[in-house]
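Going down the list, the protein sequences come from chains A and B. Numbering that gives the first Met the number 0 applies: residue 0 is where the first sequence begins, and numbers increase by one. Numbering that gives the first Met the number 0 applies: residue 0 is where the second sequence begins, and numbers increase by one.
Take the hints with a grain of salt, since some may be wrong.
Said to hold, decoys possible - Derived lysine-lysine pairs resembling DSS-like cross-links, with alpha carbons at most 30 angstroms apart:
no., chain 1, residue 1, chain 2, residue 2
1, B, LYS37, A, LYS379
2, B, LYS245, A, LYS245
3, B, LYS160, A, LYS82
4, B, LYS160, B, LYS125
5, A, LYS245, B, LYS82
6, A, LYS21, B, LYS82
7, B, LYS393, A, LYS82
8, B, LYS21, A, LYS379
9, A, LYS82, B, LYS82
10, B, LYS379, A, LYS37
11, B, LYS125, A, LYS134
12, A, LYS310, A, LYS161
If you are wondering where the hints come from, they were derived from the structure by calculation, not from laboratory data. Given the structure is predicted, the values throughout are model-derived calculations rather than measurements.
Protein chains: 2
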Amino acid sequence: MLIYMFSYSSDAIERAWQILEKIPGRATGAYSHSQGVKGLRDEIAAGIAARDGFHASGDNIFLTDGASPAVHMMMQLLIRSEKDGILCPLPQYPLYSASIALHGGSFVPYFLDEETGWGLEVDELKKQVDEARSKGITVRALVVINPGNPTGQVLAEENQKKIVEFCKNEGLVLLADEVYQENIYVEDKQFHSFKKIARSMGYTDDDLPLVSFQSVSKGYYGECGKRGGYMEVTGFNADVREQIYKVASVNLCSNISGQILSSLIMNPPKVGDESYESFMVERDGIISSLARRAKALEEAFNSLEGITCNKAEGAMYLFPRLHLPQKAIGAAQAAGAAPDAYYALRLLQATGIVVVPGSGFGQAPGTYHFRCTILPQEDKIPAIISRFKEFHEKFMDEFRDVSRDEAPTGATIESGGD
Amino acid sequence: MLIYMFSYSSDAIERAWQILEKIPGRATGAYSHSQGVKGLRDEIAAGIAARDGFHASGDNIFLTDGASPAVHMMMQLLIRSEKDGILCPLPQYPLYSASIALHGGSFVPYFLDEETGWGLEVDELKKQVDEARSKGITVRALVVINPGNPTGQVLAEENQKKIVEFCKNEGLVLLADEVYQENIYVEDKQFHSFKKIARSMGYTDDDLPLVSFQSVSKGYYGECGKRGGYMEVTGFNADVREQIYKVASVNLCSNISGQILSSLIMNPPKVGDESYESFMVERDGIISSLARRAKALEEAFNSLEGITCNKAEGAMYLFPRLHLPQKAIGAAQAAGAAPDAYYALRLLQATGIVVVPGSGFGQAPGTYHFRCTILPQEDKIPAIISRFKEFHEKFMDEFRDVSRDEAPTGATIESGGD
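Isolated chain A (complex conformation) (with noise of 0.2 angstroms):
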């Protein structure tokens, strides 16, 4: 027998006992209601409200193991057949692709803009719209990923009430995928919630049927292996919300321990708490870190020769392009690989850094990209970009285009290219 001792602050024990007091039982064996103990509902909506200025109800909530399956769960109800289309965002973390294709139905694509910071026109949703009706698709829901997933960029406000009024207009179901709403980079943005526009422009409850998802996953608390997340479900009507709960209640319930965390995520330390100090000093440092390894990034992929890359303002990716070398997309092509694929396998296999191709997410045809995290440890970045930059600048000596007049005519048909 072995005697371990722990300290803890005085409001995270008041905290865990008030936990306790909320779950029947006051233990996290048992399952809970299918939505989620509902005394951590209330919490979260009260975190919701505090953040928004904005009622929010904890009946509205529905706590998942992770926010996928609560992505899942909306396709679920969404998707009758190949007929229903979901508009979604390229590129787009491919959650959304494959739940879609597990639920039967149709991807509508529409296109973020590179141009300009990865923006989201409507007159592009609109045309994908148009076209996908055209094709005898019903289009259900718009799902929109701010900050952006794999693309980094936050949108602006004015934006995003553009995006409400077109959903509004086109009777869609407005799917916000919100999970990384602590994780801003840059001075003039911040985050909105999609119900706190909704709600700032006059709609209530009744106007938009609107879906947040918010996960423990992303932040500046990362507890990915927690499972732990929500969803904030407005404006259905009563027998929609009875069929959402009869969906949630097949798996009984979410893991009670990501419960916990999501209530806690929602309500973090306040003024005045003993652990606040603390609390704020190690959340600062993570986000502020995250902002400099996101800049530091960025700064070194536009120094080099055939990269371009938008600035990371939230979330926790860049999304640079690369602009190969023809002779580099010729040999990507003997090799049976996408070109950014290609490009990623030779950087792992030189250099032991793993990006994710572009062509993973959906790119605009005829561009090539990759998604890298910034969530190497701060200290690593220096040594991960002098690697990396290496392996480029080889790579471009390697592919580099030469002009027609100077190639010699052999070079060029072994190479498959230009």
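Starting from the known structure of chain A, fit chain B onto it as the hints suggest.
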């Protein structure tokens, strides 16, 4: 700042260190491999091998948030359209009917035989498969719940062999719901996994596709709020295995605490461990208390007019049959409820006791049942039984059929019955 002291047995501490060593980063906050932490899967495989006496591999284990997501995953993979059918017992735990409906397949029922203690007859399986095939349904898999939910029976070894043979002959995937494997309450029955049965018959990984589901929510542990579970997947070729992994990876991974618990239930303390004795006392205490509760409830039900109840050999339930008077059936019809739902509602209103109507699980036409758990605390069982008896006797007095000769015509009409 407050200091708390905790004491742990030396094997618990050692195990905690071993577990941390198995997890990359030695923390539970990061995503794991989409099948679950490799070291934990290996430990589960070792536990399965020790249980069955046949080889098991961590590569075949998929850790999930409870058993339900694993069932959904297999249904997702097996069902292509409404022309694909899944054989399921009736009565059945409604996860199966719900999952088949959600994935757009056909539920192909086979009836368990109440007369022979909820026996699973291969003749019945054959009859239902043939009938489904004659309607153009491709029957793809057989679900067996052993020990049974809601029926509480434990299959005999000989019976299991016939079921394995049947699946082999008919080319069916055997989906073995074995979540109640630790819950056996009779001396003459024992749990045998279907994999052990198949291997003991000489069938190898090449002969029979077989999936076994296990959960931390049942057994003597019952940690259902932790959402831990796994499936062991054997007998599929590499292409199919890749698709299973692909579907598993859509949701990234299951919660790490649940993964750890899953590894613990398959590897409880061993002889020589400091906690072994107290563990065994607690485990045996829980199982033998559940056995006594099952026996007490079974005897109470069988002592009552109009109720017959099979033995609870395993699982956590009794599924007594209600032989309801015609007058009660008429009253239920008048109230717009299934007769057993009407009975359950009246019971709830009169006593606060909750049972689940048999109509929620499916049952032979014209029969009525309810499912009753054996989970109330043992010292509360006598009071529950006495409240139940009092209600039931009054209910029978209220509705007891009188012979046609004695019945005043008015009353017969009023009741809407016989």
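Proposed proximity, LYS37 (chain A) with LYS379 (chain B) (alpha carbon, max 30 angstroms): holds (27 angstroms)
Proposed proximity, LYS82 (chain B) with LYS82 (chain A) (alpha carbon, max 30 angstroms): holds (20 angstroms)
Does LYS125 (chain B) lie within 30 angstroms of LYS160 (chain B) when you go C-alpha to C-alpha? This hinted pair holds, its Cα atoms lying about 15 angstroms apart.
Taking only the CA atoms, is the gap from LYS245 (chain B) to LYS245 (chain A) under or equal to 30 angstroms? Since the Cα atoms of LYS245 (chain B) and LYS245 (chain A) sit roughly 27 angstroms apart, the hinted pair holds (cutoff 30 angstroms).
Is the Cα-Cα distance between LYS37 (chain B) and LYS379 (chain A) 30 angstroms or less? Satisfied, since the Cα-Cα distance of roughly 27 angstroms is no more than 30 angstroms.
Does LYS82 (chain B) lie within 30 angstroms of LYS21 (chain A) when you go C-alpha to C-alpha? violated (46 angstroms)
Holds or violated: are the alpha carbons of LYS21 (chain B) and LYS379 (chain A) at most 30 angstroms from each other? holds (25 angstroms)
Run the distance test for LYS160 (chain B) versus LYS82 (chain A): straight-line Cα separation, threshold 30 angstroms. Violated - the C-alpha atoms of LYS82 (chain A) and LYS160 (chain B) are around 45 angstroms apart, more than 30 angstroms.
Taken at face value, is the distance from the CA of LYS82 (chain A) to the CA of LYS393 (chain B) at most 30 angstroms? violated (56 angstroms)
Against the 30 angstroms threshold, does the CA-CA distance of LYS125 (chain B) and LYS134 (chain A) hold or violate the hint? Violated - the C-alpha atoms of LYS134 (chain A) and LYS125 (chain B) are around 45 angstroms apart, more than 30 angstroms.
Given the hint that LYS310 (chain A) pairs with LYS161 (chain A), does the C-alpha gap stay at or below 30 angstroms? Holds - the C-alpha atoms of LYS161 (chain A) and LYS310 (chain A) are around 23 angstroms apart, at most 30 angstroms.
Assess, step by step, whether the Cα of LYS245 (chain A) is no farther than 30 angstroms from the Cα of LYS82 (chain B), and give holds or violated. The hint holds at about 25 angstroms.
The structure fails hints 3, 6, 7, 11 (numbered hints given earlier, in ascending order).
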